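4 protein chains.
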Amino acid sequence: MSLDLQLYSVRTDLALESKEMAQGPQRTPIPGVNEEVEEADGIKVTRLAVATEAGSQAIGRAIGNYVTLEVPALRGGDSGLQQKVSETFAYEFERFLLRIGIGKESSILIVGLGNWNVTPDSLGPLVVENSLITRQFYELMPDQISPGYRKVSAIAPGVLGLTGIESSEIVQGIVDRTKPDVIIAIDALASRSLERINTTIQIADIGIHPGSGIGNKRRGLTREILGIPCIAIGVPTVCYASTIVNNVLEMMKNHFGQGAPTKEIMGMLDDISEQERLSLVKEVLEPLGHDLIVTPKEIDEFIEVIANIVASGLNEALHDAVDPDNVGAYTH
Amino acid sequence: MSLDLQLYSVRTDLALESKEMAQGPQRTPIPGVNEEVEEADGIKVTRLAVATEAGSQAIGRAIGNYVTLEVPALRGGDSGLQQKVSETFAYEFERFLLRIGIGKESSILIVGLGNWNVTPDSLGPLVVENSLITRQFYELMPDQISPGYRKVSAIAPGVLGLTGIESSEIVQGIVDRTKPDVIIAIDALASRSLERINTTIQIADIGIHPGSGIGNKRRGLTREILGIPCIAIGVPTVCYASTIVNNVLEMMKNHFGQGAPTKEIMGMLDDISEQERLSLVKEVLEPLGHDLIVTPKEIDEFIEVIANIVASGLNEALHDAVDPDNVGAYTH
Amino acid sequence: MSLDLQLYSVRTDLALESKEMAQGPQRTPIPGVNEEVEEADGIKVTRLAVATEAGSQAIGRAIGNYVTLEVPALRGGDSGLQQKVSETFAYEFERFLLRIGIGKESSILIVGLGNWNVTPDSLGPLVVENSLITRQFYELMPDQISPGYRKVSAIAPGVLGLTGIESSEIVQGIVDRTKPDVIIAIDALASRSLERINTTIQIADIGIHPGSGIGNKRRGLTREILGIPCIAIGVPTVCYASTIVNNVLEMMKNHFGQGAPTKEIMGMLDDISEQERLSLVKEVLEPLGHDLIVTPKEIDEFIEVIANIVASGLNEALHDAVDPDNVGAYTH
Amino acid sequence: MSLDLQLYSVRTDLALESKEMAQGPQRTPIPGVNEEVEEADGIKVTRLAVATEAGSQAIGRAIGNYVTLEVPALRGGDSGLQQKVSETFAYEFERFLLRIGIGKESSILIVGLGNWNVTPDSLGPLVVENSLITRQFYELMPDQISPGYRKVSAIAPGVLGLTGIESSEIVQGIVDRTKPDVIIAIDALASRSLERINTTIQIADIGIHPGSGIGNKRRGLTREILGIPCIAIGVPTVCYASTIVNNVLEMMKNHFGQGAPTKEIMGMLDDISEQERLSLVKEVLEPLGHDLIVTPKEIDEFIEVIANIVASGLNEALHDAVDPDNVGAYTH
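From first to last, the protein sequence lines stand for chains Y, W, H and P.
According to the working numbering, the first sequence holds residues 9 to 340 in order.
According to the working numbering, the second sequence holds residues 9 to 340 in order.
According to the working numbering, the third sequence holds residues 9 to 340 in order.
According to the working numbering, the fourth sequence holds residues 9 to 340 in order.
No wet-lab data here; the hints were simulated from the structure.
Some hints could be false.
Same chains, same label: a pair holds when it works inside one copy or across any pair of copies.
Subject to a maximum C-alpha distance of 20 angstroms in a straight line, what follows is the list of computed EDC-like cross-link-like pairs (lysine to aspartate or glutamate) [stated by the list, open to error]:
no., residue 1, residue 2
1, K112, E284
2, K52, D328
3, K261, E284
4, K92, D333
5, K92, E46
6, K92, E102
7, K187, E177
8, K187, E232
9, K52, E147
10, K92, D328
11, K52, E203
12, K92, E47
13, K112, D151
14, K52, E102
15, K261, E61
Source: prediction; values computed, not measured.
Could you build the full structure based on these sequences and the hints that come with them?
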């Protein structure tokens with residue numbers, strides 16, 4: 009039984025999940041990976057810094073900063089909570105920009121990755137549509153811009169199957185011509201667990217790497233490729249069937265494992281490591297086809313809510329003139 | 009470990025799957041359940057007749073006729089195949105009507121169940137929109153109707169959460185006032201396997217029963233309630249996470265079971281019956297919430313294709329004047 | 009030149025416009041039609057009472073109460089103004105219910121008329137989707153309903169072309185079975201002027217009459233037909249090309265008419281009455297077809313905004329527990 | 009009364025209408041403008057060549073080739089006619105490419121201009137979505153491409169208000185990086201008459217000029233700017249209120265003008281030239297705002313039909329392997 013661990017490490021796009029997998033059930037701290045957790049009002053914020061090469065290798069994530077908001081109750085439809093999450097996201101994103109040295113004057117290009125025709129992949133385009141765009145005013149009437157508005161442009165480049173062109177090539181063409189200081193790329197992610205879907209937001213300063221997100225990107229959006237800082241905002245909107253299965257096996261293990269002869273119930277499935285088990289599941293599922301990516305059936309509504317949260321938060325974080333009292337005026 | 013088998017028997021809305029579960033891996037024939045299978049051009053047609061109370065109990069399905077079309081390749085996007093499926097469906101549906109004694113003059117009310125805002129639940133409303141409706145002409149200008157068109161009306165009654173009224177109550181109100189001879193109800197179903205999603209169509213003369221389909225119906229659409237024959241057309245568009253997990257365990261069993269000590273690998277999971285295992289999985293998954301209904305991420309496109317197939321097939325089956333050459337003119 | 013005035017009186021669905029047309033440019037008061045105007049924050053509220061048969065004949069409107077909100081700036085995209093309009097609408101609607109004797113305990117059926125596939129005709133279905141529906145809780149768990157929520161159900165019955173059944177027949181079937189005390193019908197209207205489109209809301213206690221609204225209704229939704237009070241809420245979303253043309257001719261007359269020999273410029277078009285001129289325009293336009301109903305190109309966005317205003321206002325007016333601070337939680 | 013003719017000459021984007029306006033009611037031939045008309049099956053094809061500077065000045069159009077398909081019955085919903093138009097369009101477009109020297113091997117970038125959120129402006133993005141895209145296969149697996157497929161990519165760059173970047177800048181960035189041989193730009197146009205809306209298709213080899221189409225483009229897509237041939241495909245989907253009014257006045261003139269004293273009826277409106285009258289109308293309408301662009305209320309359905317016709321036609325014209333029998337397989 010060959011275990012191609014490399015392959016499965018992409019099964020989650022969340023650094024937090026990678027870290028948890030690497031830590032195992034004992035939650036052993038990982039050298040080179042610093043963590044800071046805060047929780048209030050049902051919103052858990054985890055600030056992860058992958059500081060060393062060793063830390064990076066241990067969790068299979070690039071060196072960089074990762075902030076994750078987890079809000080398990082987000083799918084409950086409480087609009088008060090939604091607003092709170094949006095404000096927390098705005099606060100964290102603003103701090104994130106400052107921490108990595110991006111000033112208030114930097115001009116921004118927001119890139120909404122994904123396919124607007126595939127609901128769980130439409131997060132990026134939806135955020136673009138609700139972002140407060142100002143670059144045209146800077147070009148056409150620079151003298152008349154009120155204070156408090158930063159120069160922001162945005163693009164939803166579509167997906168390779170619809171355009172025939174890699175998103176990163178389109179973005180690079182636009183970067184060459186419009187010279188933004190920073191890219192903020194929004195992407196729908198895959199998660200290991202159904203519960204994370206549309207309840208978790210990840211901010212990272214490592215850009216978008218090939219193979220991450222839902223679509224099959226072959227080239228990424230990174231500082232190396234584009235020459236400017238690339239911040240990625242991701243929300244899990246799908247998960248793989250294999251990770252669901254694996255999750256359940258893990259839960260079974262915990263469920264029966266309390267002082268009981270789990271091995272009797274689960275056989276070898278009890279013994280092997282999580283990675284090995286995932287591999288096993290994958291070996292079984294593979295022949296069924298590539299499309300075993302699933303999403304909750306209410307995805308249409310969830311995706312609108314989360315896109316609105318991200319766009320409102322971005323508008324507030326990027327423009328001083330936008331605050332919780334008027335942020336609603338800029339989204340649909 | 010208490011196994012509430014009753015509960016899980018609703019996990020599939022397909023009679024074919026119920027039968028397969030009841031038969032077990034040996035495919036033992038079930039007394040009182042007659043089966044006829046035909047396969048051509050990648051389309052498998054199974055005509056199931058649950059003829060006796062014993063047969064009904066054995067597979068947990070009402071006495072009645074069930075025709076199932078299975079087309080595994082349907083999600084591949086081949087429009088030639090789509091047309092072939094539509095024609096086969098039209099042919100089978102026309103025969104089905106005749107077999108259960110519904111003549112060419114019977115007037116029809118098509119009921120599109122489900123929620124048009126939730127993509128995997130929007131099959132019914134989509135079929136309604138693409139159905140050829142003629143009742144208004146029968147009311148307004150009965151003398152001018154060309155031969156070959158039957159009297160057809162349609163309604164998408166919405167879902168309880170949006171209307172506050174049970175679909176069946178809305179339908180009954182309409183039946184009382186417009187007096188159709190027969191109801192054809194279209195509904196999105198839950199299946200046991202992801203592969204069946206949008207590749208399988210079931211026709212049944214047992215109406216819609218409470219608890220079936222995606223939504224939580226408390227009253228059904230049946231001959232007993234409405235006083236006229238109710239034919240149900242269903243397409244699986246979601247499946248439960250628990251059934252996916254269970255499926256994989258079954259596949260594992262088969263995968264390793266060929267002459268190998270499966271028990272070693274899977275422990276008790278190898279021994280217990282499918283129903284028990286499903287129960288076990290469910291016991292573990294339950295605490296996660298009720299929303300573990302999943303759908304493939306490309307559902308937006310799949311649902312349009314299958315709705316078009318069903319609507320075209322219906323139009324062709326119901327109106328003699330509609331045939332493969334002009335059927336496209338009536339759908340969008 | 010035969011002037012079929014009857015025909016053209018349907019060219020506006022707004023009582024306010026009918027009254028203005030009847031008054032002529034001199035704004036002569038009309039006996040039997042009482043008017044009360046209030047204006048604040050850019051919102052003009054006109055409360056019109058057509059009290060006598062003579063008044064009804066003079067303006068071509070049924071005896072009854074009409075409240076109109078006019079907000080010319082509404083299409084400007086100011087979300088603060090949108091909220092203000094929603095609150096004003098809620099306030100006026102609540103007063104309207106009390107004035108015509110509908111108490112806080114009356115159960116309501118909201119009817120969203122129109123076709124959800126035709127953007128300017130989708131107002132009704134959109135309002136239904138954003139209404140706070142409670143009837144199901146009254147049916148399923150009457151003891152657990154918090155105070156401040158009225159019994160409300162809703163239906164979007166579709167249009168004759170899609171269902172083959174008159175909206176009024178569907179509604180009557182539902183009324184027979186669910187016994188609401190009052191109907192509130194939402195409909196998209198035709199106006200005489202493009203500027204009124206999506207900037208005006210009309211409330212009336214006369215129900216929906218055949219031929220009003222965008223679709224071609226042959227039967228209405230009125231107290232006479234349904235046996236319960238029918239309140240109509242309408243928003244103009246289209247206008248006829250002929251009324252645009254006529255409007256411009258009128259404006260020309262005013263434009264050049266200040267002490268100038270208008271007759272020289274406009275010939276007979278200057279002399280004839282508005283009704284005659286409209287007839288003339290119509291005589292010319294008729295041969296072009298029936299589809300000369302036009303709408304602004306940005307209708308997609310406008311319609312969402314106004315549907316949200318009406319739904320929020322309704323939710324607030326119908327349920328004491330809904331107020332400006334939490335109203336957003338009930339709409340999408 | 010100052011007549012700013014320059015301003016109004018942009019009121020139509022159709023060369024055919026410009027020519028007709030320049031010709032006047034006598035249809036005087038215009039030197040330097042050659043015309044070839046063919047009509048069959050209810051489809052009128054006009055091939056216009058603006059050959060000289062004088063011809064260009066006379067009709068206010070750039071020197072170049074224009075092919076226009078007019079199909080008055082197209083909005084009737086006849087799917088047989090739709091297919092015929094698609095085939096005629098494919099035939100004309102293929103000939104057009106050859107005539108202007110674009111060979112079968114040239115690689116193409118299709119640019120879908122416009123805003124996908126504004127229905128009448130969504131033609132371009134809709135065509136992009138239904139175009140057969142192959143460039144990714146040329147990049148990833150050049151050896152495995154079947155004969156008969158040309159290298160085609162596509163982009164819907166969005167509109168300035170949503171992106172903050174001119175469409176032409178985005179396109180130029182993509183051209184720089186992907187080096188297509190030819191651009192085909194699809195754009196929604198404004199027409200002088202409501203009847204032309206979604207019934208007329210224009211092909212031109214002059215690219216997209218600033219100010220043309222629905223959006224307010226400040227830079228164009230032309231050979232001068234992009235360095236490669238730019239073919240424009242346009243469909244009128246809106247018209248200006250002022251042109252409707254003007255049209256009606258013209259019709260009135262013709263209506264009453266047959267041997268009657270029109271001047272008596274229409275005064276000066278009878279005397280002045282079409283351009284002057286349009287100016288007059290505009291002077292009156294201007295104060296009402298900029299949004300007096302109107303579209304038929306059924307635009308949602310019309311736009312889907314015409315986008316499908318254009319996309320199918322393009323697929324057939326660009327790829328030899330696509331023909332009338334399989335063209336449906338490539339559009340949605």
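Each hint, compared with the structure:
In this homomeric assembly, K112 and E284 never come within 20 angstroms of each other (Cα to Cα): the closest approach is 47 angstroms inside a single copy and 52 angstroms across copies. In this assembly of identical chains, K52 and D328 lie within 20 angstroms of each other by CA distance neither inside one copy nor across copies; the values are 25 angstroms within and 34 angstroms between. For the homomeric pair K261 and E284, the shortest alpha-carbon distances inside one copy (15 angstroms) and between copies (17 angstroms) are both at most 20 angstroms. Within a single copy, K92 and D333 get their C-alpha atoms as close as 12 angstroms, and across copies as close as 15 angstroms, so both meet the 20 angstroms cut-off.
Only within a single protomer do K92 and E46 lie at most 20 angstroms apart by alpha-carbon distance; the minimum there is 15 angstroms, versus 38 angstroms between protomers. In this homomeric assembly, K92 and E102 come within 20 angstroms of each other (Cα to Cα) only inside a single copy, at 15 angstroms, whereas the closest approach across copies is 31 angstroms. For a Cα distance limit of 20 angstroms, the shortest separation of K187 from E177 qualifies both inside one copy, at 15 angstroms, and across copies, at 12 angstroms. In this assembly of identical chains, K187 and E232 lie within 20 angstroms of each other by CA distance solely inside one copy; the values are 16 angstroms within and 23 angstroms between copies.
In this homomeric assembly, K52 and E147 never come within 20 angstroms of each other (Cα to Cα): the closest approach is 40 angstroms inside a single copy and 38 angstroms across copies. With identical chains, the CA atoms of K92 and D328 are at most 20 angstroms apart within one copy only, with a shortest distance of 18 angstroms there and 25 angstroms across copies. Within a single copy, K52 and E203 get their C-alpha atoms as close as 14 angstroms, which meets the 20 angstroms cut-off; across copies the closest is 36 angstroms, which misses it. Taking CA atoms no more than 20 angstroms apart as the test, K92 paired with E47 passes inside one copy only; the shortest distance there is 13 angstroms, against 36 angstroms between copies.
For a Cα distance limit of 20 angstroms, the shortest separation of K112 from D151 inside one copy, 18 angstroms, qualifies, whereas the shortest one across copies, 49 angstroms, does not. For the identical chains of this complex, K52 and E102 are intra-copy neighbours only, at 17 angstroms inside a copy versus 42 angstroms across copies, given an alpha-carbon limit of 20 angstroms. Taking the shortest alpha-carbon separations for K261 and E61, neither the intra-copy value of 33 angstroms nor the inter-copy value of 41 angstroms comes in at or below 20 angstroms.
In this structure, the hints that do not hold are numbers 1, 2, 9, 15, in rising order.
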